[in-house]
Amino acid sequence: MNQAVIFVLIFVIASAARDVYFGEIFQRLRFFEVVLIAFSLTTLVFSAFVLLAQRKQLTLIAGAWREALLTNIGTAMAWLSYFFALKLLEPAVVNMLHIGIGPVLLVTLNALGIHISGKAEVRKSELVIQGGVLASLVALATVVLVGQSGLAGRPFGQNLLGLGFAFASGIFISLSTDVTKRLNNKGVSPEGVLAIRFVGILLVAGIAVAFGANGDDMGGLASRWDILWPIALASLFLMVAPLYALQLGVQRASTVSVWIIISLSPTLVFAAQFFDGRLTYAPLTLACIMLYSALAVASNMARKFETKANK
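Sequence positions in the sequence shown follow my numbering and run 186 to 496.
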């Protein structure tokens, strides 16, 4: 379990840098071009690895095609929603709503008897704490809607749309991450998952660029390579390696535990925002983040103590 925590923490730290970096990138570069570049490298690296070193994974992946398809749909919906939200809102807000809604959703589904990747016991203390988490998410959304976030001056409709994308991204990624555990349980390696997980989003981005969505086009993509190659390099360190670390963590820990650890990332994103000149210090955003982080830690500690007590 300690090893799993380290893997997930690597992902959390890199995510803070990733969110601020891409939040700024999406303000000045074409959306689907950035998405295409960012996820292409991840897919190429891990597809090559599987073909060269883990060819038996191809048979296992084919046998789990339903899970692979669900993972692709959920991942595409999650990341497109997430990146659209980053284009519209303060990165720390997007990050907190994205990762905060995941544990709330999974705990609620388990409490209702809906078990996506296996039966899990839901304790009363966890229900209470996740209720508090939900309240902190609603409070942060309110801060955004009244124009008190670090990205003030945006129209109400734009803020509302960004909030919708942020919540949707968290719901889709939590469900797709849970499905990847089913892939792991069927013998698909972390490398195998990452080789196939982003095919769906690459197809969407590729079609959008090919047909000129938002001014994107394949010819223009080639001519702007001098601008886009740093994105490819950044994706290697801020997406490829961290996503691999996260996949290793997911394989070694329960889904709820993974999301509780990830829930500490908004604090790091908020700190990283000081390097983004677009954003201003927002005390109400920080207050919501601190409340959320405290509840996430409380949830983690409650599970730890209750697990020890039952031994």
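These are computed hints drawn from the structure, not numbers from a lab. Honestly, I wouldn't trust all of these hints.
To be verified - Restricting the straight-line Cα-Cα distance to at most 20 Å, the calculated cross-link-like pairs of lysine to aspartate or glutamate (DMTMM-like) are:
| id | residue 1 | residue 2 |
| --- | --- | --- |
| 1 | Lys366 | Glu376 |
| 2 | Lys272 | Glu209 |
| 3 | Lys241 | Asp411 |
| 4 | Lys272 | Asp461 |
(message) Lys272 and Glu209 were given as a pair; does the straight-line alpha-carbon distance stay at or below 20 Å?
(response) holds, 8 Å
(message) Would the hint linking Lys366 and Glu376 be met if the CA-CA limit is 20 Å?
(response) Holds, at roughly 13 Å.
(message) Against the 20 Å threshold, does the CA-CA distance of Lys241 and Asp411 hold or violate the hint?
(response) violated, 38 Å
(message) For Lys272 and Asp461, compute the direct alpha-carbon distance and say whether it is at most 20 Å.
(response) Holds - the C-alpha atoms of Asp461 and Lys272 are around 14 Å apart, at most 20 Å.
This entry does not satisfy hint 3, going by the numbered hints stated previously; all others are met.
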